[in-house]
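Colleague: Sequence:
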Amino acid sequence: MSKIWTLTKVLLKLNYADFITDKKKRWAYVFSFAAILFVGFLIFGSMTHGMYEGMKHLGQDPGMIIAMGLAIASIWVFLMSITNILTVFYYSNDIEMLLPLPLKPAQIIS
Numbered sequence: 002m003s004k005i006w007t008l009t010k011v012l013l014k015l016n017y018a019d020f021i022t023d024k025k026k027r028w029a030y031v032f033s034f035a036a037i038l039f040v041g042f043l044i045f046g047s048m049t050h051g052m053y054e055g056m057k058h059l060g061q062d063p064g065m066i067i068a069m070g071l072a073i074a075s076i077w078v079f080l081m082s083i084t085n086i087l088t089v090f091y092y093s094n095d096i097e098m099l100l101p102l103p104l105k106p107a108q109i110i111s
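Using our numbering, read the sequence shown as starting at 2 and increasing by one per residue.
Since the hints were made in silico from the structure, they are not lab data.
None of these values were measured; they are calculated from a predicted model.
Every residue gets a Cβ at the ideal spot worked out from N, C-alpha and C, and that includes glycine.
A few of these clues could be false.
Unchecked claim - Derived CB-CB ranges, DEER-like:
| id | residue 1 | residue 2 | range |
| --- | --- | --- | --- |
| 1 | 107 | 77 | 20 to 28 Å |
| 2 | 77 | 21 | 24 to 32 Å |
| 3 | 53 | 18 | 24 to 32 Å |
| 4 | 101 | 70 | 24 to 32 Å |
| 5 | 98 | 60 | 54 to 62 Å |
| 6 | 87 | 11 | 16 to 24 Å |
| 7 | 71 | 105 | 17 to 25 Å |
| 8 | 33 | 10 | 46 to 54 Å |
| 9 | 33 | 71 | 34 to 42 Å |
| 10 | 74 | 43 | 16 to 24 Å |
| 11 | 70 | 23 | 23 to 31 Å |
| 12 | 94 | 26 | 31 to 39 Å |
| 13 | 81 | 18 | 17 to 25 Å |
Whenever a hint applies, use it, and build me the whole structure from the sequences.
Modeller: Here it is in structure tokens:
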């Protein structure tokens, strides 16, 4: 298990090297993340409120919103993971940095 944590640290350092070293880029990333988060909360908050009012008007259980949200989130994570795996392992040169590490191929893919 410790080899997987080491691999995770190496991949995070490779992916976020700009964020760690450059302070100007760090503030740009933080600001853009906060702006996207704020806009996302506005959009999803109004959508959730509309769904809640619609379900209440129809006499349905508003707890279905949580179930639908979890289902949508799991599908979203699955789809984003597939694209991330393809990007990291097939379309980049990171694998050349990972091969000298004392890891089995199954540990690199996991």
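Colleague: Which numbered hints turn out to be false for this structure?
Modeller: 3, 4, 7, 8, 9, 11 and 12
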